[in-house]
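Going down the list, the protein sequences come from chains A and B.
To convert, note that position 35 of the first sequence is 35 in the working numbering; the numbers rise steadily by one, no gaps.
To convert, note that position 8 of the second sequence is 8 in the working numbering; the numbers rise steadily by one, no gaps.
Calculated directly from the structure, the hints in this document are not laboratory data.
A portion of the hints provided could be inaccurate.
The list treats identical chains as interchangeable, and a pair is accepted whether it falls inside one copy or across any two copies.
As the list claims (entries may be wrong) - Below, computed lysine-lysine pairings styled on PhoX-like, alpha-carbon distance capped at 25 Å:
#1 Lys50 with Lys10
#2 Lys50 with Lys83
#3 Lys33 with Lys45
#4 Lys83 with Lys10
#5 Lys10 with Lys48
#6 Lys10 with Lys45
#7 Lys83 with Lys33
#8 Lys8 with Lys48
#9 Lys45 with Lys8
#10 Lys8 with Lys33
#11 Lys45 with Lys83
Because the structure is a prediction, the values reported are computed rather than measured.
Given next are the chains, with one letter for each unit.
There are 2 protein chains.
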Amino acid sequence: AGDAAAGKAKAAVCSACHGADGIAVIPGYPNLKGQNEQYLVNSLKAYKNKERTGAMAMMMQPQAAMLNDNDIANVSAYFSQMK
Amino acid sequence: AGDAAAGKAKAAVCSACHGADGIAVIPGYPNLKGQNEQYLVNSLKAYKNKERTGAMAMMMQPQAAMLNDNDIANVSAYFSQMK
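Starting from the given sequences, assemble the full structure and let the hints guide the process.
And the structure:
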């Protein structure tokens, strides 16, 4: 499992769309608060691997590409543990 | 916006993995309870359009393919309105 505190430091850019509280600022974007950690890991890797394409994936692919496996684990832990 | 009551009738199959209460039964799957309606619509259409590929997308593509636009709107309303 990831390190939520380390994830928080990496998650500032995520918050621009997904909200500082994990509730998305725009209806077309997903809330991440309390989402399953493993699902968040899988989704970020899917974007990084270009297995998700289309409009919003064009935003998420380059974001995910900037994260290594540890970053992905940590950011996922951070959002999954939000109450 | 979709019709949540109509969506409920279509959502029995979704519940097998995403939970009758919208909390996924397996950590690798996303919780859908209270998720943004428009995001759920976008995601289902992305699966239907094969814009999401990879392991779990192989499950979701054929599920989404069975839903027309009204079904997608209704199922999305159903899960987004879960408390």
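### Query
Given identical chains, is Lys45 near Lys83, meaning Cα to Cα at most 25 Å, within a copy, between copies, both, or neither?
within (24 Å within a copy, 29 Å between copies)
### Query
Under a CA distance limit of 25 Å, which applies to Lys10 and Lys48: within one copy, between copies, both, or neither?
within (16 Å within a copy, 32 Å between copies)
### Message
At most 25 Å between CA atoms: does that hold for Lys50 and Lys10 within a copy, between copies, both, or neither?
### Response
within (21 Å within a copy, 30 Å between copies)
### Task
With 25 Å as the alpha-carbon cut-off, assign the pair Lys33 and Lys45 to within, between, both or neither.
Classified as both; 19 Å inside a copy, 23 Å across copies.
### Query
Taking 25 Å as the upper bound on the Cα-Cα distance, should Lys50 and Lys83 be classified as within, between, both, or neither?
neither (30 Å within a copy, 33 Å between copies)
### Task
Give the relationship of Lys10 and Lys45 under a CA distance limit of 25 Å: within one copy only, between copies only, both, or neither.
within (16 Å within a copy, 30 Å between copies)
### Query
Checking Lys8 and Lys48: alpha-carbon separation at most 25 Å within a copy, between copies, both or neither?
This pair counts as within: shortest intra-copy Cα distance 20 Å, inter-copy 33 Å.
#### Entry: 25 Å Cα threshold - placement of Lys10 relative to Lys83
within (19 Å within a copy, 30 Å between copies)
### Query
For the identical chains here, do Lys83 and Lys33 meet the 25 Å Cα criterion within one copy, between copies, both, or neither?
Both ways: Lys83 and Lys33 sit 7 Å apart in one copy and 14 Å across, limit 25 Å.
### Query
How would you label the pair Lys45, Lys8 (within, between, both, or neither) given a Cα cut-off of 25 Å?
within (18 Å within a copy, 31 Å between copies)
### Query
Are the CA atoms of Lys8 and Lys33 at most 25 Å apart within a copy, between copies, both, or neither?
Both: 13 Å inside a copy, 24 Å across copies.
Hint violations for this structure: number 2 only, all remaining hints satisfied.
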